[in-house]
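The listed protein sequences correspond, in order, to chains A and B. The first sequence begins at 1 in our numbering and counts up one residue at a time. The second sequence begins at 1 in our numbering and counts up one residue at a time.
Worth flagging that the hints you see were computed from the coordinates, not collected in a lab. You may find that some hints are simply not true.
[Stated by the list, open to error] Label pairs and their computed distance ranges (CB to CB): (1) A/311 with B/242: 46 to 52 Å; (2) A/93 with B/28: 48 to 54 Å; (3) B/58 with A/324: 39 to 45 Å; (4) A/269 with B/68: 16 to 22 Å; (5) B/108 with A/409: 56 to 62 Å; (6) B/26 with A/324: 57 to 63 Å; (7) B/220 with A/57: 52 to 58 Å; (8) A/153 with B/28: 48 to 54 Å; (9) A/226 with B/58: 46 to 52 Å; (10) A/358 with B/217: 43 to 49 Å; (11) B/217 with A/253: 42 to 48 Å.
Even glycine gets a Cβ: it sits at the ideal position worked out from N, Cα and C.
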Amino acid sequence: MTMPRTTALTALMAALALPAMAQQRDLTLFTDASDPAPKAAFEQLVKGFEEENPDVKVTVNTFDHEGYKTAIRNFLTADSPDLANWYAGNRMAPFVNAGQFTDVSDVWEENGLKESLAPALSSMTIDDKQWGVPYTYYQWGIYYNKDVYKQAGVEVPKTWDDFIANCEKFKEIGIDCLTTGTKALWPAAGIFDYLNLRTNGYDFHMQLTNGEIPWTDDRVRKVFAEWARVLPYTTPNVAAIDWQDAVSNIVQGKAANYVMGNFAVATFRDGGMTDETLGFMDFPEITPGIPRAEEAPTDTIHIPAGAKNVEDAKKFLAYVARADVQTAMNETLGQLPINVNSTVGDDPFLKQGFEVLSTAEGGIAQFFDRDAPAQMAKAGMEGFQEFMAYPDRLDAILERLESVRQRVYKN
Amino acid sequence: MFPRPVQSMSPAARTTYQIALPVMLILWLLPLLGVALTSVRPSSDLAQGNYFGVPSYLAFSNYLDVFRNSPFASYMLNSFRVTIPTVIGAVALSCLTGYALAVYRFRGNLIVFFLFVAGNFVPFQILMVPVRDLTVTMGLYNTITGLALFHIAFQTGFCTLFMRNFIKALPRELIEAARVEGVSEWQIFWHVVLPLVRPAIAALSVLVFTFIWNDYFWATVLTTGAGTQPITAGLQSLNGQWVAAWQLVSAGSILAALPPVAMFFLMQKHFIAGLTLGAVK
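Please take these sequences and the hints and turn them into a complete structure.
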């Protein structure tokens, strides 16, 4: 008699307990990964997480990336998800300062992320706390046409002086040494960032984008003086064309070098370039002895302050930070993992980029429009574009930027 | 008779006409031809800088990629979900208002009519902020209902002007004869007036359909996500984060333009009838 009763009781308890155990917990993730590759990468990420945490159901809501920039301001205040993706550096500062992102320093502490995600630590830190987890970045640098280099009979330069000397050779055979397309403004900022990082170093660059240094400073003028050296060898109509249009200058061999991000490789290849004809080099040295800093915009995932399921969201962040997860995800993205223990795919440009970034002792800058606040970034990039067309207006441009600086950083 | 038939013109005038017509046509259609050509151009041509030359091959796959790379079908469906209720709503309301304003003589008739007309003179851009705030407080922001309701409200002004003038031109005796027979007002509207204004309804439907289908401004102001945005706003999402995929945007634009074009050709008879009806008595 006793035995069956106990069994019945156990069965009853099990029946009661089961629904509670099988109860699904929900996690919502808002992302702007609307392009095919990022979309696949996020699907893969979510699938992997759900396999390891069968009791959590992740719902992904994908926005188109232009719309996302305005949507995030709406949903962070109104209808907050548990996770949202965004960008590191100054781009996340307004949300952090407004208390709309959750402090996730404990996730960093518990999982040893300060070591494994070291390259992005400084750009994820505000007020000594970490506000999210980075999952991908990509390098910037100079992409060049190897055939054109052979045609001009020049070597890949190590220093800026060599680079300018090469430009003279390119000019002799009627090739633009440097090309870009600044219609959308930002490509010019890539050139400025590197010139400043190489002339004055990472710390100065950060102070400048933080508004601590006047634009009329002599060290800033020095950067523009270096820039002026290459302007005579730059494609003349850059302000009229988009960055994609300038890609065809490299493809057709009308230009030799292009300061760009690694995403451009896909377009170069689309235009018919191969690993035999397309090369990548780190931006050459200007001031000897400065610790080498690089530019690598970082994408991140955050927990909004209004998240409902913070516990599982933190579990998700820890998962995203893992080396094997970042390896797999970036394989799909065609970009670089942040985790130093991750491995990179077979692509020669990714390998070079990983090498360049993981050995950058000077630091990793995000990009001018992510490091500087929005208003300063816009005025700055307009200034760069104007300078490229009218170098003799430098004084007026710098004074204008200085007055913008005094207004923007006042509070 | 005006205009005079081309055959009766002087030979010189006829030659000029025959030369000028194709030239004008090509000039007029050039941008459209450019879009059509880009829509079958492979992306490699664009990366090589071949923008206006002969495509290296015809990449009809662009039309498939449009559906593969973005929720294009859902944008298209959203467009129908906004446009069709708007056409029905605006035309139905304006038939009623048009009938009331044309048939009944009451104090303030003209003032009400002018209010409808005046609504058309308000540049809609200045309504952007108040309308957005209104839809947010009503909980209709980023919904198809919100977008359709706004379009109905805004289009009814123009439609009322159109319908009122059309009904006003109908012989009043018809309505009076019906009244003498003791037909109720609703039945007069339904059985006498509506059948007579059918050409106007058809013409108005085509017009409103194209207006609303092609609306970009309110689509971007009142909706944000793929679940609610109509096709005009959705075309943007065919561009990648960095790469502007012009070949896909062109293919998408052509697909997006098909429904209003089809609508026009199917309803052409009504359209022209509506424009000329009542012009000669």
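### Task
State, for the Cβ atoms of residue 226 of chain A and residue 58 of chain B, whether the hinted interval 46 to 52 Å holds or is violated.
Roughly 47 Å apart at Cβ, these two residues keep to the hinted range, so it holds.
### Message
Can you tell me whether the CB distance of residue 93 of chain A to residue 28 of chain B sits inside 48 to 54 Å?
### Response
The hinted range 48 to 54 Å holds for residue 93 of chain A and residue 28 of chain B, with Cβ atoms some 51 Å apart.
### Message
Given the hint of 46 to 52 Å, is the C-beta distance from residue 311 of chain A to residue 242 of chain B inside that range or not?
### Response
36 Å, violated
### Task
Return holds or violated for the Cβ distance of residue 153 of chain A and residue 28 of chain B against the range 48 to 54 Å.
52 Å, holds
### Task
Just tell me: holds or violated, for the beta carbon distance of residue 108 of chain B and residue 409 of chain A against 56 to 62 Å?
With Cβ atoms ~59 Å apart, the hint holds.
### Message
Taking the Cβ atom of residue 26 of chain B and the Cβ atom of residue 324 of chain A, is their distance within the range 57 to 63 Å?
### Response
60 Å, holds
### Query
Quick one: are residue 217 of chain B and residue 253 of chain A within 42 to 48 Å, going by C-beta?
Holds, at about 44 Å.
### Message
Quick check on a hinted range of 16 to 22 Å for residue 269 of chain A and residue 68 of chain B, using CB atoms only.
### Response
Distance hint for residue 269 of chain A, residue 68 of chain B holds at roughly 20 Å.
### Query
Is the hinted range of 39 to 45 Å satisfied by the C-beta distance from residue 58 of chain B to residue 324 of chain A?
44 Å, holds
### Message
Is 52 to 58 Å respected by the C-beta to C-beta distance linking residue 220 of chain B and residue 57 of chain A?
### Response
32 Å, violated
### Message
Between the beta carbons of residue 358 of chain A and residue 217 of chain B, is the distance compatible with 43 to 49 Å?
### Response
48 Å, holds
The earlier numbered hints that this structure contradicts are 1 and 7.
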